[in-house]
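J.: If you want the building blocks of each chain, they are given just below.
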Amino acid sequence: MQKSAVRWGLLALFADGPKYGYQLKNEFDAHTSGGWALNVGQVYTTLDRLARDGLVESVGSNADGREVFAITGQGRQALADWFVSPVTETERPRSELAIKLAMAAIAPGVDVAAVVQAQRTESMRQMRDYTDLRRHEVQSHDVAWLLLVDHLIFTLESEIRWLDHVEATVLRRAQPHRAPTPAAFRPDDVEVGGW
Amino acid sequence: MSAFVLRFAGVSRIYGVGEQEVHALDDVSFDVAAGELVAVMGPSGSGKSTLLALAGGLDAPTSGTVSVEGVGLAGLDAAALARLRRDRVGYVFQDYNLVTDLTAAENVALPRELAGVGARAARREAVAALAEVGLADLAGRFPDQLSGGQQQRIAIARALVGQRRLVLADEPTGALDSHTSLAVLEVLRARIDAGAAGVLVTHEPRYAGWADRTIFLRDGKLVDATGPRQTPEQLLGRMV
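Those protein sequences? They're chains S and U, same order as listed.
If you count by full-length UniProt numbering, then the first sequence holds residues 1 to 195, one letter each, in order.
If you count by full-length UniProt numbering, then the second sequence holds residues 1 to 240, one letter each, in order.
Chain S with its partners taken away, still in its complex shape:
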């Protein structure tokens, strides 16, 4: 996960009141079922940076002697700005898959259909597994967890659709004069669309 996502995610958790570091980690775990895999050191480092930037401030210690932080007015404004600002393309990680398929399409001797199918099968396997996870654990998690799983499912869906597009594009370019098969012998012609 990108550092900025951790920073904003943690800051957002302050919206409902002051918290100490370990409490933040626990709340992250509760919302993501441990999927974010934050260690407590990362939480404290991020807290220090948020304090340095004036977005949170120390408000003393609790009964256990843990330092408690609260969001500042500047922090609330920054958080509000973050929520309304779209994530721009340049902030997203580069896709190895996109590069792999683009290179496969131009490199000699690569069976693009095989590359596409291997990825399609793996992506569909993940789709099934996340769908299973969502189906079986929907009752035991909050809406934040649900939306994170849904994000993975929709991302996979988009990836699989893009793979179909890659395959169709490469095949079309490779076979520009493909003769149609007689309609009488194409029982599947009643289907519409691609995959």
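Hints should not be assumed to be uniformly reliable.
[Unchecked claim] Just the calculated beta-carbon pair ranges, DEER-fashion:
1) U:17 to S:169: 30 to 36 Å
2) U:227 to S:23: 36 to 42 Å
3) U:97 to S:137: 34 to 40 Å
4) U:137 to S:41: 53 to 59 Å
5) U:227 to S:48: 23 to 29 Å
6) S:99 to U:9: 52 to 58 Å
7) S:15 to U:131: 40 to 46 Å
8) S:79 to U:225: 55 to 61 Å
9) U:178 to S:168: 21 to 27 Å
10) S:84 to U:86: 55 to 61 Å
11) U:227 to S:135: 18 to 24 Å
12) S:65 to U:227: 48 to 54 Å
13) U:219 to S:30: 45 to 51 Å
14) U:232 to S:5: 19 to 25 Å
[Said to hold, decoys possible] Covered by chain U, per the in silico footprint, the following chain S stretches (three or more residues, Cβ under 8 Å):
15) 118-124
16) 131-141
17) 151-163
Hints in this document: simulated from the structure, not taken from any laboratory.
Think of the CB as a built atom: it goes at the ideal place given N, C-alpha and C, for glycine as much as any other residue.
Got chain S sorted already, so can you dock chain U onto it with the hints?
T.: Frame of chain S, contents of chain U only:
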């Protein structure tokens, strides 16, 4: 009895002869066990509809064998094949295919009455099947008094009424919005989890994700299938 509700063993279906010959299915083998839903994906013309037609005994393979509950379809005469289709196999189509002049319960009871079950017993089975898809209270409604999602859930009840344990679904969510599609898939999945077996043809990756396995067809060949499941820990480790 076979552990598999549906088995394709080296199934090919060739239409036409000579230069006109088209291999709609080419040496396809796969099984569907009780409690298992298998999705079939592939581009148009890849053989998905042919596969469903063969699975339901509506067409016969050129070579290879199709078995339903351990019974090879090739060995059945026309009457036995019709009986097997009626008693063992249910269909769910994109456009529901309910009889408009019959109520929901009458639609679901119809295949049982055709199988020779008395009207009252068939009605009881139909109401039970409707209850399993959460629609017992709509038993007296006619199809045009029901939403698309409700009609499709009734079609699923009909597909698995009585002794039927194999459901063949051809784009069952094709005419439904996303939310309703998920409700229909939940019902289908619940019936599979209760011991039925299913084949789901779909273009939608998100809906194929409800299946235990997806097989991929291309030019009539089975080119790949999804592998074993990952553990929840492996999945959660990649959530962001």
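J.: All the hints need checking, so say for each whether the structure fits it.
T.: Results for each hint:
1. Checked against the hint of 30 to 36 Å, the C-beta distance between residue 17 of chain U and residue 169 of chain S comes to roughly 34 Å, which is consistent with it.
2. Range check, residue 227 of chain U to residue 23 of chain S: about 40 Å between beta-carbon atoms, so the 36 to 42 Å window is met.
3. The given range of 34 to 40 Å is respected by residue 97 of chain U and residue 137 of chain S, whose C-beta atoms sit roughly 35 Å from each other.
4. At about 56 Å, the CB distance of residue 137 of chain U to residue 41 of chain S agrees with the hint of 53 to 59 Å.
5. Look at residue 227 of chain U against residue 48 of chain S: about 44 Å separates their beta carbons, and that is not inside 23 to 29 Å.
6. Taken as a hint, the range 52 to 58 Å is violated for the pair residue 99 of chain S and residue 9 of chain U, whose Cβ atoms sit roughly 41 Å apart.
7. For the pair residue 15 of chain S and residue 131 of chain U, the supplied restraint of 40 to 46 Å holds, since their beta-carbon distance comes to about 45 Å.
8. Range check, residue 79 of chain S to residue 225 of chain U: Cβ separation about 46 Å, and the 55 to 61 Å hint is violated.
9. For the hinted restraint 21 to 27 Å between residue 178 of chain U and residue 168 of chain S, the CB-CB distance of approximately 24 Å keeps it satisfied.
10. Separation of residue 84 of chain S from residue 86 of chain U is about 60 Å and conforms to the stated range, judged on CB atoms against 55 to 61 Å.
11. Taking the beta carbon of each, residue 227 of chain U and residue 135 of chain S are about 19 Å apart, inside 18 to 24 Å as hinted.
12. Remark: the range hint 48 to 54 Å for residue 65 of chain S to residue 227 of chain U is upheld by a beta-carbon distance near 51 Å.
13. At about 49 Å, the beta-carbon gap between residue 219 of chain U and residue 30 of chain S stays in the expected band of 45 to 51 Å.
14. With their beta carbons about 22 Å apart, residue 232 of chain U and residue 5 of chain S fall inside the hinted range of 19 to 25 Å.
15. Counting residues of the region 118-124 of chain S whose C-beta lies closer than 8 Å to any C-beta of chain U gives 5; at least three are required, and the coverage claim holds.
16. Judged by the Cβ-Cβ criterion of 8 Å, the region 131-141 of chain S is covered by chain U as claimed, because 5 of its residues qualify and three suffice.
17. Judged by the Cβ-Cβ criterion of 8 Å, the region 151-163 of chain S is covered by chain U as claimed, because 7 of its residues qualify and three suffice.
Figure legend: structure checked against the earlier numbered hints; hints not met, in rising order: 5, 6 and 8.
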